[in-house]
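Enquirer: Protein chains in written order, with my numbering: chain Y, 1 to 162; chain A, 1 to 335.
These aren't lab readings, by the way, just hints derived from the structure by calculation. Even glycine gets a Cβ: it sits at the ideal position worked out from N, Cα and C. Among these hints, one or two may not hold up.
Claimed, not checked - Computed from the model, here is a short list of chain A residues facing chain Y with C-beta under 7 Å:
hint	residue
1	M42
2	A44
3	L45
4	V49
5	L50
6	I55
7	Q56
8	Y57
9	L63
10	K64
11	L65
12	N307
Stated by the list, open to error - Straight-line Cα separation of at most 27 Å, BS3-like style, residue types lysine-lysine; simulated pairs:
hint	chain 1	residue 1	chain 2	residue 2
13	Y	K53	A	K64
14	Y	K41	Y	K4
15	Y	K55	Y	K4
16	A	K330	A	K128
17	Y	K153	A	K327
18	Y	K55	A	K64
19	A	K46	Y	K97
20	Y	K4	A	K54
21	Y	K53	Y	K97
22	A	K46	Y	K112
23	Y	K41	A	K128
24	A	K64	Y	K41
25	Y	K4	A	K64
26	A	K128	A	K327
27	Y	K55	A	K60
28	A	K60	Y	K112
29	A	K330	Y	K55
30	Y	K72	Y	K55
31	Y	K140	A	K46
32	Y	K53	A	K54
Here is what each chain is made of, one letter per residue.
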Amino acid sequence: MTDKAYNECVDNFADGVYRFIVKNIRHTEDAQDIVQSAFEKLWVNRAQVLPEKAKSYLFTVAYHQMIDHIRKSNKMPLVDEASIPHQPINQAQTELKALLMRAVNELNPTQKSLVLLKDYEGYSYQEIAEIMNLSDSQVKVYLHRARIILKNKLSAYAPTAS
Amino acid sequence: MQLNESTYETIFLLYIDNELSPKERLEVEAFIADNPSYALEMEALKATVLSSDKIQYPFKENLKLQSEISLDGMGEDWEEDLKATYATMLKSDVEAIPGLSTSFKNSLKKETASEAIIVKSFGFNQQKFTYAAVAACLIIFFGYQQLTKSSVSDLAKSNSIATNLNKVLAPNISPITTTKSTGSSENIVSNSNKQARVNSINPVTKTSQLATTKLQVSNSTKTQRSNLLQQESIAMAETTPNNSVLDNQAAMKEIPRTYNNPITINATPLAVSTANIDAESTVDEKGLTTYEVIDTEDPNRTIYIANFEIDGNKFRGITRRVSAFLKRNKSDKEK
Numbered sequence: 001m002t003d004k005a006y007n008e009c010v011d012n013f014a015d016g017v018y019r020f021i022v023k024n025i026r027h028t029e030d031a032q033d034i035v036q037s038a039f040e041k042l043w044v045n046r047a048q049v050l051p052e053k054a055k056s057y058l059f060t061v062a063y064h065q066m067i068d069h070i071r072k073s074n075k076m077p078l079v080d081e082a083s084i085p086h087q088p089i090n091q092a093q094t095e096l097k098a099l100l101m102r103a104v105n106e107l108n109p110t111q112k113s114l115v116l117l118k119d120y121e122g123y124s125y126q127e128i129a130e131i132m133n134l135s136d137s138q139v140k141v142y143l144h145r146a147r148i149i150l151k152n153k154l155s156a157y158a159p160t161a162s
Numbered sequence: 001m002q003l004n005e006s007t008y009e010t011i012f013l014l015y016i017d018n019e020l021s022p023k024e025r026l027e028v029e030a031f032i033a034d035n036p037s038y039a040l041e042m043e044a045l046k047a048t049v050l051s052s053d054k055i056q057y058p059f060k061e062n063l064k065l066q067s068e069i070s071l072d073g074m075g076e077d078w079e080e081d082l083k084a085t086y087a088t089m090l091k092s093d094v095e096a097i098p099g100l101s102t103s104f105k106n107s108l109k110k111e112t113a114s115e116a117i118i119v120k121s122f123g124f125n126q127q128k129f130t131y132a133a134v135a136a137c138l139i140i141f142f143g144y145q146q147l148t149k150s151s152v153s154d155l156a157k158s159n160s161i162a163t164n165l166n167k168v169l170a171p172n173i174s175p176i177t178t179t180k181s182t183g184s185s186e187n188i189v190s191n192s193n194k195q196a197r198v199n200s201i202n203p204v205t206k207t208s209q210l211a212t213t214k215l216q217v218s219n220s221t222k223t224q225r226s227n228l229l230q231q232e233s234i235a236m237a238e239t240t241p242n243n244s245v246l247d248n249q250a251a252m253k254e255i256p257r258t259y260n261n262p263i264t265i266n267a268t269p270l271a272v273s274t275a276n277i278d279a280e281s282t283v284d285e286k287g288l289t290t291y292e293v294i295d296t297e298d299p300n301r302t303i304y305i306a307n308f309e310i311d312g313n314k315f316r317g318i319t320r321r322v323s324a325f326l327k328r329n330k331s332d333k334e335k
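Sequences are here, hints too, so could you generate the full structure?
Expert: This is the structure we're talking about:
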């Protein structure tokens, strides 16, 4: 990977990696540190990483560092969601989004990562399996379980919200 | 793919995860169109999909390489170009230094400027180096001469004692004159006096004394030595079986008074030697250890290096000259 390709990786993937991490751990400073560490590792190993594999490499490194971070902190302190910058959306979408995020945050870390990687990054089961060091069938089963949980939670929240 | 009551949920999840082929997606959509009751189920599952959320990493620019140094436009001989640029910079910098002589500036500008800088930085020109080399050679030469002179004088003394001993021992084989025996005894006594002076500080038997005694014995014939040793060891065993060194030296001082008796004269040094060896071995067997007390403040102290005897004053003079030379050299270098 050339220096130019590395800079392109920063442009294209830094936001995605940051979003994935910050949605998982909900702590902006720690998420920034993890992103920085991931890109540092990419820079150190740039000779071995192909440009087309850079995104997967970054997410893999960031995911494992996030897991380490979660294990070390052993807690997921909630931060004010307002500290995470969002694009303005209308009221209905905001409510639905808030409910969904509340449900997602109640998932276990693996299910949460699966949902985030699938929905935000659009990775296939196989790619998610590589990033999270799982089998394809495990990804499929865990993700389906997560969707059912989210559906049930949303249906449970809906009467309260209404 | 078979869509029915038991499989629809899995296939719907694959549908919203975009894991179905276009053909399979069409089949699912047709199934929902045929069975509107499943449409709500599909909508509920679609609601679990997170919509895109734009979050930007705030320090993206910090992750990028801030300055990219490219060698693409420098050509193949960029190294030579760099050297030339550096040389030009060096020349201009040398000109800008105030207080440097023109010759030194020119030497810096030369291609071999680095070597000139190294030599100058030591403050050691060729002339000084030559002087230093000559001085070192002279010191080594005179030092070696001094050492060899002292060792030769020691050897000469030993030889004179050995020769005299041979002469003293001669009565057993061939008669000797009184004059010669007197001379030999004087030599031995003077040597013993010298040793007694040393031993006045050190009561322990000196190694050199033993060596001298052994040399005396080795210079005589084996037969004479064995005979005399037998005779004298018997005689000493009867009279003074445990003589100390000082007693032996006192006995040696008595030699001039008993020189008329050739047996006594001959016997005494040998008796001393055997008694010394016995005394030393006794000390060793008893395990007693005594140490020599050296007066380091004594200006007339004799320095022994191995078997060489060195005059302390001369040695100090040499070291003084060497240290003065080195100090002078250091001050020149500092200047």
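Enquirer: For each hint, tell me whether it holds in the structure or not.
Expert: Verification of the hints:
1. M42: 11 Å, violated
2. A44: 5 Å, holds
3. L45: 6 Å, holds
4. V49: 5 Å, holds
5. L50: 4 Å, holds
6. I55: Check passed: Cβ of I55(A) comes within 4 Å of chain Y, closer than 7 Å.
7. Q56: Holds - the Cβ of Q56(A) comes within 7 Å of chain Y, reaching about 5 Å at its closest.
8. Y57: 4 Å, holds
9. L63: Constraint on L63(A) satisfied, holds at 5 Å.
10. K64: Because about 5 Å separates K64(A) from the closest Cβ in chain Y, which is inside the 7 Å limit, the hint holds.
11. L65: Holds - the Cβ of L65(A) comes within 7 Å of chain Y, reaching about 5 Å at its closest.
12. N307: 68 Å, violated
13. K53(Y) / K64(A): 18 Å, holds
14. K41(Y) / K4(Y): 16 Å, holds
15. K55(Y) / K4(Y): 15 Å, holds
16. K330(A) / K128(A): Given that 27 Å is the threshold and the Cα spacing comes to 12 Å, the pair holds.
17. K153(Y) / K327(A): 92 Å, violated
18. K55(Y) / K64(A): 16 Å, holds
19. K46(A) / K97(Y): 13 Å, holds
20. K4(Y) / K54(A): Holds. K4(Y) to K54(A) sits at ~25 Å (cutoff 27 Å).
21. K53(Y) / K97(Y): Status violated; Cα separation ~31 Å.
22. K46(A) / K112(Y): Holds, at roughly 16 Å.
23. K41(Y) / K128(A): 59 Å, violated
24. K64(A) / K41(Y): Holds, at about 13 Å.
25. K4(Y) / K64(A): 9 Å, holds
26. K128(A) / K327(A): 13 Å, holds
27. K55(Y) / K60(A): Between K55(Y) and K60(A) the Cα gap is close to 15 Å, so the pair holds against 27 Å.
28. K60(A) / K112(Y): 25 Å, holds
29. K330(A) / K55(Y): Not satisfied, since the Cα-Cα distance of roughly 66 Å exceeds 27 Å.
30. K72(Y) / K55(Y): 25 Å, holds
31. K140(Y) / K46(A): 16 Å, holds
32. K53(Y) / K54(A): Between K53(Y) and K54(A) the Cα gap is close to 23 Å, so the pair holds against 27 Å.
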